[in-house]
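Please work from the sequences and hints to get the whole structure.
2 protein chains.
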Amino acid sequence: MKQVFNFNAGPAALPKEVLQKAQVELLNYQESGLSVMELSHRSMLYENIQNHATERLRKLMNIPADYDILYMQGGASLQFSAVPMNFLTEGKTANYCLSGSWSEKALKEAKKIGRTHIASSSKEENYSHIPEHLELSENPAYLHITSNNTIFGTQWKTTPELDAEVPLIADMSSDILSRTIPVEKYSLIYAGAQKNLGPSGVTVVIVKKELLKRCPDHLPTMLNYQTFAKNGSLYNTPPTFSIYMLSLVLDWVADQGGVAQIEAMNAEKAELIYHVIDSSDSFYKGPAQPGSRSNMNVTFTLPTDELTKKFLYEASEHGFIGLSGHRMIGGCRASIYNAVPLAHCERLAQFMTDFRTNFM
Amino acid sequence: MKQVFNFNAGPAALPKEVLQKAQVELLNYQESGLSVMELSHRSMLYENIQNHATERLRKLMNIPADYDILYMQGGASLQFSAVPMNFLTEGKTANYCLSGSWSEKALKEAKKIGRTHIASSSKEENYSHIPEHLELSENPAYLHITSNNTIFGTQWKTTPELDAEVPLIADMSSDILSRTIPVEKYSLIYAGAQKNLGPSGVTVVIVKKELLKRCPDHLPTMLNYQTFAKNGSLYNTPPTFSIYMLSLVLDWVADQGGVAQIEAMNAEKAELIYHVIDSSDSFYKGPAQPGSRSNMNVTFTLPTDELTKKFLYEASEHGFIGLSGHRMIGGCRASIYNAVPLAHCERLAQFMTDFRTNFM
Chain G
-6 MKQVFNFNAG PAALPKEVLQ KAQVELLNYQ ESGLSVMELS HRSMLYENIQ
44 NHATERLRKL MNIPADYDIL YMQGGASLQF SAVPMNFLTE GKTANYCLSG
94 SWSEKALKEA KKIGRTHIAS SSKEENYSHI PEHLELSENP AYLHITSNNT
144 IFGTQWKTTP ELDAEVPLIA DMSSDILSRT IPVEKYSLIY AGAQKNLGPS
194 GVTVVIVKKE LLKRCPDHLP TMLNYQTFAK NGSLYNTPPT FSIYMLSLVL
244 DWVADQGGVA QIEAMNAEKA ELIYHVIDSS DSFYKGPAQP GSRSNMNVTF
294 TLPTDELTKK FLYEASEHGF IGLSGHRMIG GCRASIYNAV PLAHCERLAQ
344 FMTDFRTNFM
Chain U
-6 MKQVFNFNAG PAALPKEVLQ KAQVELLNYQ ESGLSVMELS HRSMLYENIQ
44 NHATERLRKL MNIPADYDIL YMQGGASLQF SAVPMNFLTE GKTANYCLSG
94 SWSEKALKEA KKIGRTHIAS SSKEENYSHI PEHLELSENP AYLHITSNNT
144 IFGTQWKTTP ELDAEVPLIA DMSSDILSRT IPVEKYSLIY AGAQKNLGPS
194 GVTVVIVKKE LLKRCPDHLP TMLNYQTFAK NGSLYNTPPT FSIYMLSLVL
244 DWVADQGGVA QIEAMNAEKA ELIYHVIDSS DSFYKGPAQP GSRSNMNVTF
294 TLPTDELTKK FLYEASEHGF IGLSGHRMIG GCRASIYNAV PLAHCERLAQ
344 FMTDFRTNFM
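One line per chain: the protein sequences are G and U, in this order.
For the first sequence, this note's numbering begins at -6 and goes up steadily by one.
For the second sequence, this note's numbering begins at -6 and goes up steadily by one.
Please keep in mind that the hints were generated in silico from the structure rather than gathered at the bench.
Please note that a few of the clues may not be correct.
Where chains are identical, the list cannot tell them apart; a pair therefore holds if satisfied intra-copy or between any two copies.
[Said to hold, decoys possible] Below, in silico cross-link-like pairs of lysine-lysine (BS3-like), each with a Cα-Cα straight-line distance of 25 angstroms or less:
| no. | residue 1 | residue 2 |
| --- | --- | --- |
| 1 | Lys223 | Lys98 |
| 2 | Lys206 | Lys104 |
| 3 | Lys223 | Lys105 |
| 4 | Lys104 | Lys223 |
| 5 | Lys(-5) | Lys105 |
| 6 | Lys223 | Lys101 |
This one's a predicted model, so the numbers in the text were calculated from it and none came from an experiment.
What follows is the structure, given as structure tokens:
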């Protein structure tokens, strides 16, 4: 089998052990004679899978008992609408921190629903850092942040401190489970699975039960968080195989020692590549300011477009996959989510060093 | 491996050949060194999968060129809202044919959006047949039907004839690809995949391009059909593995000879079981009226609740899975979607005959 190093931004690398387990039991889950994909979502075998995922996630992330864990569909993009539809009520203002394209998209959807306010933004500095100086509006419905910005390669390093009555809502699609998070400071966390949690097709929502009382009755049933909370995410057929894969990934994280261990490993992986950038005499440049650098998506540029193309071509020849920057900003990007092994980051760091040396 | 006969109502049986192919290439898709789940949705390898599915479906269902094929998430339940949000405009009335619980749910969501009208209903007869005597409202936005009713076991045998300006919209979640359909008579067809198309997690929408002009701009982006049509269903990350499985299932249908051959086989499978019911001297009773009987979900009852329990227990001991009726109405149900082999239906027919004989 071809040896490749997968730095895709999402859908991204999955742990090899997880894929191997899924392969072994693909036609015969727990001696049932059936594939997980063929199980009824109302069967005990399937419900055990989903409950296992929920318990694992609760333990790994230390999610308090007064939070529900929901499995939805449609990715973060549908959450951009679901959040204001559920919580941006008459007379209130939805507050957004703009830290990149994804938070802009979230804001755009909220504007269709009601009044909004930009509480902070680093747009003027080309999103090269996480915005500071939070200024909330009157009557804030909530404050929304994007915890990690895949395109610009920045990441919140702390949790914004808010008055207790202002719900903090975060899109953690690209760094959930990559580091310890004080869940109790958030009212709602959502994440598309396809970076750190599993394959695409399932969206995890962690929500404080108290907040659910605000969901209005008139919403489309499938956009009301209450529907999922009341029915254990089984109001209709969930994406069963994606949730099964999620449960295997969560087992894998536990096997690694848990989130703290994963966090330390992620820091080591990121440091390897940032070190090459910082010691390259500006051959490689990281557009993200050091204090805001993401441990999930390392973005960098080369001196010219020609060199960038050459770098990406040669990298691809060496088995590195997914190193092109987002089509919106170009350059290069290494996405080093949980499942990307340290050894692959070492290979990339070495390749970057060699490429520069050869150029000199 | 345990031999089981899967009659689940959905998620349901998948063709064994499809699961075997998925298993073989689970860690190494087309010698890429990657799982399909690890491919970027912007990679050529993935786009080829999705395009292949689209071309296959277009050919198998004979979908005209002026129709788009979209891949969405959230199942039929989210379509219940998306349809009226996109097409139930001011001054118009959404028309619904009530043929069972799913059409009731579709109507309920439409009522949240605008004015509705029940164009026909068989509710008074306990949904034992497909409703007749269509009476549309003034200014109909569209007419919505549920082509097959999984819970009651009935199925439309013809396509309602409407004036050209009234869009016909159908939920075909449970019988798409099971028989030849005159797609050109429909303006929009939607289907959750988990019965005849693949695993749960992807919703196929077939929509006349002309109709898309009516989608209002102010909708949440992820609920606007235009978003999916304009971006080739790649506005955000689609459920890539589910679409890959769909593409394999479509290849399998082609290998069987196409939809006409599948339809003939489905009729033969259904006839086997209906014949046992009809020749059982009312030991088994089919609540669906003969002219409305579904070839996908065969529902039947036994003389007493005790016998039903005994039947289900013994069936389960013999490896039959998923024969309980829907929790709403009880009784028994054999779901015999495309992937359920004729041999399994023969086994079930024989078991039903033996069970009755033993009881006599």
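**Report entry** Structure versus earlier hints - violations, ascending order
**Finding:** 5
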